[in-house]
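Keeping the supplied structure of chain A fixed, place chain B upon it in accordance with the hints.
Each protein sequence line maps, in turn, to chains A and B.
Each residue of the first sequence is one higher than the one before, counting from 1 in our numbering.
Each residue of the second sequence is one higher than the one before, counting from 1001 in our numbering.
Because the hints were derived from the structure by calculation, they are not lab data.
Positions of the beta carbon are idealized from the N, C-alpha and C atoms, including for glycine.
A portion of the hints provided could be inaccurate.
[Stated by the list, open to error] Facing chain B, from chain A, some residues (calculated, C-beta under 7 Å):
1. SER199
2. LEU224
3. ALA229
4. LEU233
5. GLY234
6. LEU258
7. PRO259
[Claimed, not checked] Ranges between beta-carbon positions, derived for each pair:
8. A:ARG101 - B:GLU1032: 49 to 57 Å
9. A:SER265 - B:SER1150: 32 to 40 Å
10. B:ALA1082 - A:GLU211: 57 to 65 Å
11. B:GLY1073 - A:LYS136: 37 to 45 Å
Take a look at the letters that make up each chain.
2 protein chains.
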Amino acid sequence: MSLRQPYLLFLGDAPDMLAAKVALGVKQWRPEACLGQLSMPGCKADLGLAEMSVGYAVSAGARTLLVGVANRGGVVAPSWVAVLKAALEAGLDLAAGLHQRLSDIPELAETARARGRAIHDVRSPERPYPVGDGRKRSGKRLLPVGTDCSCGKMYTALALEAALRARGRPATFRATGQTGILITGEGVPLDAVVADFISGAVETVSPDAPEDHWDLIEGQGSLLHPSFAGVTLGLIHGAQPDALVICHEPTRTHLRGLPHYPIPSLETVMEQCLTAARLTNPKARFAGASINTHALDDAAAAACLAEIEARLGLPAVDPVRTGVERIAEALE
Amino acid sequence: MSLRQPYLLFLGDAPDMLAAKVALGVKQWRPEACLGQLSMPGCKADLGLAEMSVGYAVSAGARTLLVGVANRGGVVAPSWVAVLKAALEAGLDLAAGLHQRLSDIPELAETARARGRAIHDVRSPERPYPVGDGRKRSGKRLLPVGTDCSCGKMYTALALEAALRARGRPATFRATGQTGILITGEGVPLDAVVADFISGAVETVSPDAPEDHWDLIEGQGSLLHPSFAGVTLGLIHGAQPDALVICHEPTRTHLRGLPHYPIPSLETVMEQCLTAARLTNPKARFAGASINTHALDDAAAAACLAEIEARLGLPAVDPVRTGVERIAEALE
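This is chain A alone, in the form it adopts within the complex (with noise of 0.2 Å):
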C-alpha cells in the first residue's frame, strides 16, 4: 500500500466531526500531507483546511482523494459517488477505509480502469491471518481501552507513541482501523477481519520485540458496546497488554449510536477490560486515564482531570490539553 501524497480530504455530506474522524486523524498526525478539504452540501465538518474542487485540487497538486468520512455501517452515500467518479477523471487517486469498497462500485472500477487511476480500499484485509495462540510474547504493550467508541483510544496511542520516543524508549504505534493505516501506511484492518481470526490478527500486528520495546496498539470500540463488543475482547485478548488505559468523554450521555444505551462508569469498564486481559497476561495493569476534555471549559477540564485522578488513583490527562507525559513516565 503506497498512497500518493498530498491529500484531497473529503469529507461529504458528514452530519458531525465525530463522522470524519478519519479526516481529522490524518491532518493531526500528517499535516504536511494535507493540501485541502472538499465538503458537500449539509457539510457539518471543517477541518480549518481550505476547500477546493477536485479541479483546483489537482492544479494546486494534490495525488489522491482520502475519504475522511465515514457514516455508520461504513457504506459509500449514493450522493458521494459522482464527486468520486469527477475524481478520477480530473486525475486523482481514491484512498478510502469504508467497509464498502470503493473498488466494488462498478462506476467508480471502470472510470479508475479506464483513467489508470488507483482505488486503495486500506480496510480491506489483503491477507489472511491464523487464529490466536494466546502465546506470551517478547516486548511490552500498552492498549487503550474506552467506555464508548470514537472516544480518543487511536489518538491516545499516536500521542504515547510520540511521548515514548521523546524519552528516548523505542515505540511503535500499530494501526488496528482505518485512520491508523492511512497515517502509517500499515496495519491490521480489523473491523473487517473474520470473526474466527480477530485475535490472531491482534497478534501478527504485534510480534516479539526487544523487552524494552512499547507496542502503542490501537484501541477499538468498547467492551460494553453492544454493536461490537466482540471485536475489542478479540483486540485484548490478542494484545495481551502489560498497561491499559481507560479513554473516556465525559459529557456523553448514552452509547455512540445507541440513544437507549448509557455511557457506564470507568470503573465498570476498567474492571471488565482487566478481567478479560489478564486472560492472555496475568500482569495487566491500567496505567492513567486519558480524558476527552473538548467540550469542557479549562475550569472544568482541569476539575474533571484532578476527580478521575483522585477518584482511580491514576494519572488523569487529556492528551490534547495537557499531553500524555505523565501516563509515559509511568510506564517506565
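Relative to the frame of chain A, chain B by itself:
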C-alpha cells in the same frame, strides 16, 4: 441462508459412521426433512433411509442434495464430483459445510449456473448483516455457553428445542454454525462473519417473536478461549439471552487447541458470561448445566452431575444420558 427441503443425504464413500456425522445429525434432529440417502461403492455408513439415485430422489420430491460426509481436511473427493454434477443436472440444489467450497469447483459452478440451481457452501455468509443495535426484542431466548469449544452447546440447544416442543411450547433452534445450518436449513455461519457484524448477525437470526416463544440459539466458542472469545461475546450480546445454560466436558484438562491454557472453572465462566449477557438483557440468568459425560461410566457420570447440581444450585443434566427435560421445566 435458507435451504430447500426435503434432502437427499449424500454419504459418498464414508469409511465409517463417524465420517457421516453431519448426515446423522440432520437425520436425528430433522427426520422429516430427510427423504433418502445416496451411497457410493465402498460406503460403510448407513442411516437406515431408503437408498436413492438422484433421478429417483427428484421424482420423489427431493429439493437439495446435502453433503453429509466429511473426509480428512474437509475437501471434496474427486470421485464425488460426477455425482454432485448429476444431482444439479437432475434439478437438485447442493448444500455442504466443507472447508473446500463446492462453488469453487468450476465444473459444479458452471453446471449450477446453466441449470439455474443453487450451491450453498454454508461456511460462508450469503448476505451482509447489519451492525447490532442492542434493542430488546420480543420473545424469549436461551443461549448455551461453554467452558471450552466443542463441549455440547449445539446438541444442548437442539435437545431443548425438542423438549420444549414436547411440552407444547413454541420453540425454534437458531443455527450459528455450519452443522446447525445444515440440520435446520437456515442460520448464520457466525465464525465467518466480518468482526463488526457479529452481534448484528445474531440479532438478525433471532428476530422479534411472540412473548411465549423460545429461541434456542446455538452457542459458539467460549468467552475465556483466547482464540475465539470475540465471536462468543458478540453472540452473547446479540442473543440477549433470558436464560443461559453452562456446558462442560468434565474430563478435559486444557482448552481445545491450547495446551498452555487450563479449563476455567464453571463458576468463573458463568460469572463472566452473566456480566456480558446483562448488558443487553438485565434479566439474564442461568437455567441449568449441560454436562457431556460420555467419557465417564454410569456411576461416575451420576456422581459428576450430582456434584455440579449441588455446587451450582441448578439442574445439571447430560443431554444424551438424562435428557434436558429438567432444564426445560426450569424455563417455565
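The hints, checked one at a time:
Annotation: interface hint on A:SER199 holds; nearest CB of chain B at approximately 6 Å, less than 7 Å. Using the Cβ-Cβ criterion of 7 Å, the hint placing A:LEU224 at the interface with chain B is satisfied: the shortest such distance is roughly 6 Å. The closest approach between the C-beta of A:ALA229 and any C-beta of chain B is roughly 5 Å, which is under the 7 Å cut-off, so the hint is satisfied. This hint holds: A:LEU233 has a C-beta 5 Å from the nearest C-beta of chain B, less than the 7 Å allowed.
Against a cut-off of 7 Å between C-beta atoms, the interface hint on A:GLY234 holds, since the closest Cβ of chain B lies about 3 Å away. Among the interface hints, the one on A:LEU258 holds; its C-beta lies about 6 Å from the nearest C-beta in chain B, closer than the 7 Å criterion. For A:PRO259, the interface hint is violated, since its Cβ never comes within 7 Å of a Cβ in chain B; the closest pair sits about 10 Å apart. The beta-carbon spacing between A:ARG101 and B:GLU1032, approximately 42 Å, falls outside the hinted interval of 49 to 57 Å.
For the pair A:SER265 and B:SER1150, the beta carbons lie near 36 Å from each other, so the given range of 32 to 40 Å is met. A beta carbon spacing of about 59 Å between B:ALA1082 and A:GLU211 agrees with the range 57 to 65 Å that was offered as a hint. At roughly 31 Å, the beta-carbon separation of B:GLY1073 and A:LYS136 lies outside the given 37 to 45 Å, and the hint is violated.
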